[in-house]
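K.L.:
One-letter residues, chain by chain:
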Amino acid sequence: MATKPKSSLPSPEDVYQTTLPNGITVLARSNYNSPSVNMGGYLPAGAIFETDEKLGLADFVTAMLMRGTQTRTFDSIYNELETVGASLGFDSGVHNASFGGRALVEDLPLLLKLLSESMRTPTFPKDEMERLRTQILTGLALRAQDTSDMADLLFEQFLYADHPYGKPSDGYPETIQAISRKDLETFHRLHFGPRGMVIAIVGAIQPKKAVEAVAKVLGDWTVSSQKEPPALPPLKPLKKTIRKHHQISGKSQSDLVVGTIGPTRRSPDFMAASLGNSVLGQFGMMGRIGNVVREKSGLAYYAYSSLHSGIGPGSWEVAAGVNPKNLKKALDLIDTELRRFVKNGVTKDELADSQANYVGRLPLSLESNGGMVSAILNIHRYQLGMDYYQRYENMVRSVTRDDVVETARKYIDPERLVIATAGP
Amino acid sequence: MHKNITQVQLKNGMRVMLKEIHTAPIISSWIWYKVGSRDESTGKTGISHWTEHMMFKGTKKFPGGILDKAISREGGRWNASTSRDSTRYYETMPAAKIDLALRLESDRMTKSIFDAKEVASERTVIISEREGSENEPMFLLGEAVQHASFRVHPYHHEIIGDMADLRTITRDDLYNHYRTYYVPNNAVLSLAGDFDTKSMLKRIKELFEPIPKGNIPPRLARPEPERKGELRLTVEGPGETAFTQVAYPFPNATHPDYFALQVLESLLNGASGLSYKTCRLYRALVDKGHVVDISGWSESTIDPFLYRITLVHRPDKKPEDALSALDDEIKKIQDKPVSAAEVHRAVKQARAVFAYGSENITHQAFWMGYTSMFSDYSWYTTYLDKLAKVTPKDVQRVAQIYFQPSRRVVGNYIPKGKAA
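Those protein sequence lines, which keep their order, are chains A and B.
The opening residue of the first sequence carries number 1 in the numbering used here; numbering runs sequentially from there.
The opening residue of the second sequence carries number 1001 in the numbering used here; numbering runs sequentially from there.
Do not rely on the hints blindly, as some may be mistaken.
To be verified - The calculated lysine-lysine pairs, modelled on BS3-like cross-linking and capped at a C-alpha distance of 25 angstroms, are:
{"no.": "1", "chain 1": "A", "residue 1": "126", "chain 2": "B", "residue 2": "1288"}
{"no.": "2", "chain 1": "B", "residue 1": "1117", "chain 2": "A", "residue 2": "325"}
{"no.": "3", "chain 1": "B", "residue 1": "1111", "chain 2": "B", "residue 2": "1060"}
{"no.": "4", "chain 1": "B", "residue 1": "1117", "chain 2": "A", "residue 2": "328"}
{"no.": "5", "chain 1": "A", "residue 1": "240", "chain 2": "A", "residue 2": "410"}
{"no.": "6", "chain 1": "B", "residue 1": "1117", "chain 2": "B", "residue 2": "1061"}
{"no.": "7", "chain 1": "B", "residue 1": "1336", "chain 2": "B", "residue 2": "1288"}
{"no.": "8", "chain 1": "B", "residue 1": "1277", "chain 2": "A", "residue 2": "113"}
Unchecked claim - Here are some of the chain A residues that sit facing chain B, going by a computed Cβ distance under 8 angstroms:
{"no.": "9", "residue": "75"}
{"no.": "10", "residue": "83"}
{"no.": "11", "residue": "134"}
{"no.": "12", "residue": "138"}
{"no.": "13", "residue": "147"}
{"no.": "14", "residue": "250"}
{"no.": "15", "residue": "252"}
{"no.": "16", "residue": "285"}
{"no.": "17", "residue": "299"}
{"no.": "18", "residue": "322"}
{"no.": "19", "residue": "323"}
{"no.": "20", "residue": "353"}
{"no.": "21", "residue": "364"}
{"no.": "22", "residue": "368"}
No lab work stands behind these hints, which were simulated from the structure alone.
Cβ atoms here follow ideal geometry from the backbone N, Cα and C, with glycine treated the same way.
Take these sequences, add in the hints, and give me the full structure.
P.N.:
Written as structure tokens, this is what we have:
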């Protein structure tokens, strides 16, 4: 039924990669299916540089970048973007500040110019800063009332005790109140620069033209004060299961997060963990966890497991939202499933199902320009090799049942978990 | 954009829409049933959405738990949703595997089991879904505003249904609903992607044409009388943040005023899918320090529904003052025509959003079926042209007609603090 096969997988032949003299890596791939272009990237200016007194500073800085530059106001930046239907935004994580945007291809130069200005010459206007502070504080007040957010926060706080991963990147009301304009300026001066910056562009443009467009606005950026990011501190292993509840009155549903430390993205056992997690709480209608908590017991609308793997130690967690009176029942079911998972691993059929899913879903996940941008950025960030998706099927298929159960036992100890709940 | 569209009606009345797109080895298949929450009578609210859940519980040929695995194993993505006017199911699959999706949909159009035990277990899942929504102040407020906006028309209840009905709807109620509305003459199948139209159509006929027609009841549609005077309501709940939702009447998607209102929406609240920091309401209310955020949206519906604007209040300001600032801003558009440049900008924004949408095959199959629920595909293909014909005077006129305080409902969420 299908016509001629098409390769939608990125490869070293079609992803153009170069590093500008100032250290910026540019990745580009053409896709002429639509007259649009998508752009994304990051630079090492994350929350890892924050102090405990000023948690949320990195986030505050990135949110201020587009609120006024040496040549444009907040309103004029967004006016230029919105007038042509383009978008641009910044975000921050523990390691990096990240950015992303899209535009019709004729507006790519505008998009890159605004990206460059926002990163290089933000002025942190006082009135914009106070307006944003109110918005952040309102966001934190809403977070405090959100059972899912608070269960996550509690989970990370105890899983990553005294570690940057355990601190909320949006801070706390008191730390947001403590941040001054000088803090924003200093953070920007010390951490925003071309070294370590990566940008990927995918869309209706020749790769070399995309690189030229980036070089034109960012090629002359140099920052001598740009600091090297510190190394991650070691993680304290869990000695026993920690159970914590955060009370939020007047809510009709409680949220739970149960889990432990998972592999880094570059770890050799990442793929085995990922496939194991698929069986545990993803495949089909959310794997075994979805099957027992939702399908068989009718306890929850959502119940699943997830693996979050990045630069440092990841998390491997199960989450669900249940009626407060069913909290214990749901936790017991999850406990039983985790024990079964580490004892017996997965069946041959279960593994084969998830392997087939991983291979089969690739064209879909790489279909849009945005999907392709994030795929090639991940390849670069975790040094997976630009031929990663060419090797991917073999990598997936070579994982065995033994690999999965060994990996499960290596990471998941049912006697050493963090169990975080939030609700009435 | 308009090429490669084939529209066919099968002998049993089912409509089929096919669009070949050969940019990636993917096919997206959507089946749409003309039944949604507006077809539900009191006592049966939420039954369309619950039926949608039951469609995942299996048939004899594709038992529950097999279905989802079969799709996932092939690397497909599938889901379903229920709206006010329709219920839709989709599968997006590697092109060579789409037959599975077609076989599944033809089978479950008539052969879903609705096992009593599965109904019981899904009852608590849906109650849990509703409880999760009730955790959100905006759900509570939105539901109250919607209820107040529709006394007569069945758009008055939320799609998920009222808790009382979720507790009492029976297996037979669900099964009757299913057999009544899930018939080929009440369905539209829309496919986009990497296929050959002729052979695809042949296969669709093999699978769907043998299914017999049904008798579809007329749709519930008691027209909502025009509101005479503003209605205000309050909802109280936990939290520290106050919200206001203002709901104005909004015409159906085929009404001549619809497109001028789309331009107006773009000017007031920004274009769908883009940031909205330079729209009129953001500039007047957020930039000026009246609120933390303001957003607004309409829906494309068969009967007139609502244009809703939501304000997230600052702790240091009075909600009443923010509402006055909103009224001032709307009055400006009513008093004086906007510039042609502003209208032109709204059109350019829509063009960009259309271009982004064309990257995605699932999205393209969606639009064919979606528009056929309230109009036809030409609604989509002529959308940008119709938008381009809107004049500043049109925008002023629709602002005067639809954005009258006496025709609106204003709901306030009053936070009662951390310990409610």
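K.L.:
Going back to the hint list, which numbers does this structure go against?
P.N.:
none
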